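Sequence lines, in order, name chains A and B.
The first sequence lines up with residues 1 to 511 when you count with my numbering.
The second sequence lines up with residues 1 to 424 when you count with my numbering.
These aren't lab readings, by the way, just hints derived from the structure by calculation.
Because the structure is a prediction, the values reported are computed rather than measured.
A couple of the hints might just be wrong.
[As the list claims (entries may be wrong)] Far from chain B, some chain A residues (derived; all Cβ distances over 12 Å):
id : residue
1  : Glu35
2  : Ile222
3  : Leu402
4  : Leu462
[Stated by the list, open to error] Some chain A residues close to chain B (C-beta under 8 Å, calculated; not the full set):
id : residue
5  : Tyr179
6  : Leu200
7  : Tyr209
8  : Lys348
9  : Tyr353
[What the hints assert, rightly or not] Straight line, CA to CA, 27 Å or less: simulated DSSO-like cross-link-like pairs of lysine-lysine:
id : chain 1 : residue 1 : chain 2 : residue 2
10 : A       : Lys193    : B       : Lys74
11 : A       : Lys193    : B       : Lys416
12 : A       : Lys351    : B       : Lys416
13 : A       : Lys461    : A       : Lys290
14 : B       : Lys388    : A       : Lys351
15 : A       : Lys348    : A       : Lys363
16 : B       : Lys52     : A       : Lys193
17 : B       : Lys195    : A       : Lys377
18 : A       : Lys278    : A       : Lys301
19 : A       : Lys158    : B       : Lys416
We treat Cβ as the ideally placed atom computed from N, Cα and C, and that holds for glycine.
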Amino acid sequence: MQFPVRRKKLIGSSQNDLYDLYDHCLQFYGQPPLENISLTEFETFAVERLKLLKFVENLGVSFGKNSEQYGKKLEAEISSLNFPHKAELSEPKVPGGISEYDKRRKDHISHFILRLAYCQTEDLRRWFIQQEMDLFRYRFNYLLSKHKADFLHKNNLKYETVSAEEKKNLQDKLIASSYGLSGAKVQEYDVYKVPFQDALDLVRTRKVYLLAGNAYIPHYEIVTIVLNDFRTRLSKALAMTARSLPVVQSDERLQPLLSHLSHAYVGQDYSIQKNIGKISLEQIDALSVKSFPLCMRHLHKALRENHHLRHGGRMQYGLFLKGIGLSLEQALQFWRSEFVKGKVDADKFDKAYAYSVRHMFGKEGKRTDYTPYSCMKVILSNPPSQGDYHGCPFRHSDPELLKQKLQNYKVSPSGINQILELVKGMHYQLACQKYFELTHNVEDAGFSLNHPNQYFTESHKLLSGGRDIKKEVDVSQKSQENPANVPRPSQANSKQAHEEMGDLDSFFQDE
Amino acid sequence: MSTSDYDPACLPDLLPIYYRRLFPFSQYYRWLSYGGVSKNYFQNREFSFTLKDDIYVRYQSFTTQNELDKEIQKMVPYKIDIGAVYSHRPSQHNTVKSGTFQALEKELVFDIDMTDYDDVRRCCSAADICSKCWTLMTIAIRILDRALREDFGFHHLLWVYSGRRGVHCWVCDDAARKLSVAARSAVAEYLSLVKGGEETARKVVLSDPIHPFINHSLSVVEHYFQQYAIVDQDILGSKESVDKVLALLPEDIKKDLTVLYKDVKDPMKRWDKLCNLVECKKSTIKKGQYFDKEIMLQYCYPRLDVNVSKGVNHLLKSPFSVHPKTGRISVPIDLKELNTFDPFEVPTISLICEELERPRADEAEEDDMKDKENEQEAGERRRIRDYKRTSLAKYVKVFDRFLEAMARSRKGEMLKKSDLQKDF
Chain A
1 MQFPVRRKKL
11 IGSSQNDLYD
21 LYDHCLQFYG
31 QPPLENISLT
41 EFETFAVERL
51 KLLKFVENLG
61 VSFGKNSEQY
71 GKKLEAEISS
81 LNFPHKAELS
91 EPKVPGGISE
101 YDKRRKDHIS
111 HFILRLAYCQ
121 TEDLRRWFIQ
131 QEMDLFRYRF
141 NYLLSKHKAD
151 FLHKNNLKYE
161 TVSAEEKKNL
171 QDKLIASSYG
181 LSGAKVQEYD
191 VYKVPFQDAL
201 DLVRTRKVYL
211 LAGNAYIPHY
221 EIVTIVLNDF
231 RTRLSKALAM
241 TARSLPVVQS
251 DERLQPLLSH
261 LSHAYVGQDY
271 SIQKNIGKIS
281 LEQIDALSVK
291 SFPLCMRHLH
301 KALRENHHLR
311 HGGRMQYGLF
321 LKGIGLSLEQ
331 ALQFWRSEFV
341 KGKVDADKFD
351 KAYAYSVRHM
361 FGKEGKRTDY
371 TPYSCMKVIL
381 SNPPSQGDYH
391 GCPFRHSDPE
401 LLKQKLQNYK
411 VSPSGINQIL
421 ELVKGMHYQL
431 ACQKYFELTH
441 NVEDAGFSLN
451 HPNQYFTESH
461 KLLSGGRDIK
471 KEVDVSQKSQ
481 ENPANVPRPS
491 QANSKQAHEE
501 MGDLDSFFQD
511 E
Chain B
1 MSTSDYDPAC
11 LPDLLPIYYR
21 RLFPFSQYYR
31 WLSYGGVSKN
41 YFQNREFSFT
51 LKDDIYVRYQ
61 SFTTQNELDK
71 EIQKMVPYKI
81 DIGAVYSHRP
91 SQHNTVKSGT
101 FQALEKELVF
111 DIDMTDYDDV
121 RRCCSAADIC
131 SKCWTLMTIA
141 IRILDRALRE
151 DFGFHHLLWV
161 YSGRRGVHCW
171 VCDDAARKLS
181 VAARSAVAEY
191 LSLVKGGEET
201 ARKVVLSDPI
211 HPFINHSLSV
221 VEHYFQQYAI
231 VDQDILGSKE
241 SVDKVLALLP
251 EDIKKDLTVL
261 YKDVKDPMKR
271 WDKLCNLVEC
281 KKSTIKKGQY
291 FDKEIMLQYC
301 YPRLDVNVSK
311 GVNHLLKSPF
321 SVHPKTGRIS
331 VPIDLKELNT
341 FDPFEVPTIS
351 LICEELERPR
361 ADEAEEDDMK
371 DKENEQEAGE
381 RRRIRDYKRT
391 SLAKYVKVFD
401 RFLEAMARSR
411 KGEMLKKSDL
421 QKDF
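One chain only, chain A, in its complex shape (with noise of 0.2 Å):
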């Protein structure tokens, strides 16, 4: 692989050459930029593509991927980064602003460059390939079908298609399967035959005919079977990229700007303790009702009435208790006393729990420090089943349940309407700020929620005076103000993207 800093071998090439590399408006990334570039446009083209992916990051969490929503709002941002989204290369620069053919070299060499910083771990690798596939399927999505056509021979990506004899013998079952296919679709339109294997986001959401293994798939899905290739594709590189990258890091120029690049998406993961020990036992209790987000709280209140949680809870409580300033001992202490309450003697929980708060504080295995899970981790990985009491209650849990419980929690009728509306519209950190401001008697919340550790501070802070608290405001005459809208979604959203950003770019200012 070779990396933009190293010399320019195109001597003799024409412009013609480069014209051809981008014909297309997208691209699988295949082959990496050859070219030497400025150390500032390395920096603003990687800062840029950053805020998009951050930004197609945070739309995913508050709009379906496949919603106009989400499509305008996207659509929008990749303007104003420039970045290309126009089909035709030809189509006339916009006056002062930037070719397409301009925007095109951006994305390809953007994207090179945060493969540098985000290759290294696991989990940056993972963020990295969900944010770019997202990103990948709105742009080919928003292709016309010529376009997609050109970009798939472009690419050699061919497809088995079933028999047009098969088609008719599955017919039944090929529009049982997949939401939009009719009789006369499968019949006019190739539906491809693929290895489950390379249709996974279909399989798992059963939108797929399955039969001996294969999946059989409508034309206007192939996006699902390009993606797949896409993200083996993305992954075998970062997983070679991560080899070669000690000869990048040895570059004293580009070592700092990596390492801010990958600490960006981070931002604060309260993986480091502040605060050991100075929160006592006995607090919790009081604290989980007062301090404590819903899913925290309803967790904690578990753990009591059952003495017992399972893993999922477990790990996401447990993080979280580390991540507010218990020490080991204390959390050994805390979990066992628990435990011992139930079905589980002191002896039992030495040998199999202990083992595991230990493992959370980094002190078995492979020692990794965990960290405690953001909100967009709760919301989006391993949804709570039958026993389980872990997850975001927003998200999770039944709108009719979450009403009573609200209720027995004294949050007023009024606010519980106007958290139900967030939630009706997938808002899930929005309405978990808005119990916020409702149990802590503040008409703004005056921070983006996106971590539970977060919510636990912003109210330590509030409680302890460190901030003023204002009445609340008759609520109900605002809530009638606006009656069917969530109050603000949008600029909560953008206000939220740009206290991001803003940390991003500070980052690069103090250098």
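Based on these hints, arrange chain B on the given structure of chain A.
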């Protein structure tokens, strides 16, 4: 009596006998070697043991069948778990450079545990099972076995009774063992229909179009539903259970049924009324609504733990391991006899050890002569004779057939390959 009274206190005395004379080591080794196609497949396999006093040891690995045999007889594990095939010998993982020791392959596994159905079974709860709720396992096996074979194209499935309250499935195809974490999790989610924890009342939601997989599963459920749910579990009998069912229905149907049920007491008739009302409602609204089917699925459809299936390095209880609390052996289940499988008839370790003590037939004497020659073979031969005299025999036969099928399949693959290469 098919089960001698089992007393957990006897385990330390029974286990040595079990491992010395009954555990089918040669078949076990044959299984995990998978025909020797991949080098070091057996040697790089992780086992974990739970020893006396709950001491748990991981990263056990063995180089030969003999070593496995000897070590197990020496350590006398109370429980044996099987993990993944790693890049290096698990017993040497500490000597390997950090980051390079990785889990490479493992069977695709499923764990169906009766406690996950506690919210929908009335006869038992927690670790208890009875013949009434065992039907849930029968349903689970039928649905999952069909889907894994017909939808996913897998051929070599080993279903095993866990020894107490559930069943495990080991999918042993080559392709299955090579699946990534993402693929395993996708398969498990494809097979999941019941979603939600304590906080969700309505755990199954169906909408048009109904996927063929759901239709297949429904026909299995429908076959068992009336006897299992309406009669045995009596879900429409008492007020408490009726209320639970009604909570899954929309307000208008709920109201109508509450009125109707005042006069109609027979549970079968109550179910019919429910279905009628749902049908009526469906015809008035264009959108597909399947409340009756959703109820059937919520009460009967298999609940699997995705986390067990998705990890390549996840450790699962081994077939032929003993369950320390019940004494029952984790035996393979013969799907041809699934309808008559009775978990309470599964032999316990005390039973089979007792059966060993029964007077031997005369044919045993000549074999004694042959045994003087080769000690290992003799041990094996004796072991084979021994388990054949016990209730364990028929279950080892099921395992044998499973291994035969895999061997045939491997041979078929090799022939295909050599045909392609035009070898002679």
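Hint by hint, here is what the structure shows:
no. : hint                : verdict
1   : Glu35               : holds (34 Å)
2   : Ile222              : holds (18 Å)
3   : Leu402              : violated (7 Å)
4   : Leu462              : holds (28 Å)
5   : Tyr179              : holds (7 Å)
6   : Leu200              : holds (4 Å)
7   : Tyr209              : holds (7 Å)
8   : Lys348              : holds (7 Å)
9   : Tyr353              : violated (12 Å)
10  : A:Lys193 - B:Lys74  : violated (52 Å)
11  : A:Lys193 - B:Lys416 : holds (22 Å)
12  : A:Lys351 - B:Lys416 : violated (51 Å)
13  : A:Lys461 - A:Lys290 : holds (12 Å)
14  : B:Lys388 - A:Lys351 : violated (38 Å)
15  : A:Lys348 - A:Lys363 : holds (19 Å)
16  : B:Lys52 - A:Lys193  : violated (52 Å)
17  : B:Lys195 - A:Lys377 : holds (19 Å)
18  : A:Lys278 - A:Lys301 : holds (22 Å)
19  : A:Lys158 - B:Lys416 : holds (25 Å)
When the structure is compared with the earlier hints, violations turn up for hints 3, 9, 10, 12, 14 and 16 and for no others.
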